[in-house]
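Number of protein chains: 2
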Amino acid sequence: MNIVVLGAGNLAWHLSEEFQKKGQNILQIYNRTEKKAEALSKILQCDFTSKLENINRNADLYILCISDKSIAEIANSLPIENNLVVHTSGAVHQDLIPQDRRGVFYPLQTFSKGKEIDFKGIPFCVEANHENDKKTLIKLAKTLSISVHEISSEQRKTLHLAAVFANNFSNYMYSISEEILSVDNISFDILKPLILETANKIIYHSPKESQTGPAIRDDQTSIDTHLNDLNNGNYYDIYKMLTEKLRAENKK
Amino acid sequence: MNIVVLGAGNLAWHLSEEFQKKGQNILQIYNRTEKKAEALSKILQCDFTSKLENINRNADLYILCISDKSIAEIANSLPIENNLVVHTSGAVHQDLIPQDRRGVFYPLQTFSKGKEIDFKGIPFCVEANHENDKKTLIKLAKTLSISVHEISSEQRKTLHLAAVFANNFSNYMYSISEEILSVDNISFDILKPLILETANKIIYHSPKESQTGPAIRDDQTSIDTHLNDLNNGNYYDIYKMLTEKLRAENKK
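Going down the list, the sequences are from chains L and Y. Per this note's numbering, residue 1 is the first one in the first sequence, and the count goes up by one each step. Per this note's numbering, residue 1 is the first one in the second sequence, and the count goes up by one each step.
To be clear, the hints were calculated from the coordinates, so they are not data collected in a lab. Since this is a predicted model, take the numbers as computed values, not measurements. Some hints could be false.
Identical copies look the same in the list; a pair holds intra-copy or inter-copy alike.
Claimed, not checked - Pairs of lysine-lysine, DSS-like flavour, derived with a Cα cap of 27 Å: (1) K120 with K192; (2) K139 with K208; (3) K134 with K113; (4) K157 with K21; (5) K35 with K22; (6) K115 with K69.
Generate coordinates for the entire structure from the input sequences, incorporating the hints supplied.
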């Protein structure tokens, strides 16, 4: 397939390199900051541009790897009428793309700069306005991953909300624990095995069944000690609310 | 070493099997429910009892693998005067053990029934009332793990608080995401790669630096959509509070 990638952030890098590895033809990289477009295009040895009017108009697929809030604007400015345009966002409805041949190609994963990604297990959530385009996107996704799903915009909204808890908020819990340790000069390293084991458990055990801790044990002594140590600081409210919710759910 | 293990729960099973593998001699298992003591003793092919007065008095180490709230009571009832008695809890001060030769042998990990544990990487937090006993416990811990730490009761209190966030609360976030998906009939499997990647990231990146999501991007559209979808239900308050806290921290 001939592909134009719009964007030069983490996802654009990871995805376009992987496309190329799988034999796709990256025609061009677009980014409004020319240097960024150029940097990625050098890796891929393809064309680049920072001007939407210079977008190559002969691609089979235009894939938007850009921030949610820019999707509608960039898609509207794309000089593309009869080709397939997709975005890669978990949060944006496919209909924010004005082109008739539109869709979504959403890898449900977090991407970091410089961190190798194994695409094989990443769930790709695919959607399209036309049946043929959906087939094309599914086929493309299957070259990257064994986990390809047809997901409607409505379902994707639910997924994105769930992912905020599973990723953003769980990471925030790690961040808080690091902060708590740092006040007492204890290295965060000591918690890493626990964090990994807690995450790995969900592969075979429902997190609801695996839930442990003072709230579930109704261990008021530990809870009081912790609240006292948190000393009405920034994390006091969080500890209190999560403990109360966990207790209430446990009593149901 | 000759060891008496008190308790027959997850930790007692995992720890006594591992002790035995490393050449320690498990003299006896105690549990107030005789059947449970017997079940574990059969695996280990050692003695068992459900009566504290029948505890073998010739062990080098008495290790309490029991609930936090029973530690003081059981230790007080132990017919042991001159031998070393330790507990394995993250939350309990060593001085709740009345014996003069007392200490702590705390594996900072979550243990599940039937799930194999690789002890090598588990941080063991060791403390004792006498220097010689501390040396003994460190030596014993080093037979199990490469990660052995001298941790005071005060530091352990901080660790335990941090572990509540890192383990209990992050698991609760997984649990909430599973619940959110189930309402829309989406399998939790689709989130598993994201959860694993988020956890694995902390090995090389500080969670504070890795933080992503609508709160950090100041993406009010997504936040409003999510709050609307959560519809004042059980998780509405949690989403709202964590988002506000994340935003406030990000602006600091």
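Going through the hints against the structure:
| no. | hint | verdict |
| --- | --- | --- |
| 1 | K120 with K192 | both (25 Å within a copy, 13 Å between copies) |
| 2 | K139 with K208 | neither (35 Å within a copy, 37 Å between copies) |
| 3 | K134 with K113 | neither (30 Å within a copy, 44 Å between copies) |
| 4 | K157 with K21 | neither (31 Å within a copy, 50 Å between copies) |
| 5 | K35 with K22 | within (26 Å within a copy, 59 Å between copies) |
| 6 | K115 with K69 | within (25 Å within a copy, 44 Å between copies) |
When each numbered hint is compared with the structure, violations occur for hints 2, 3 and 4.
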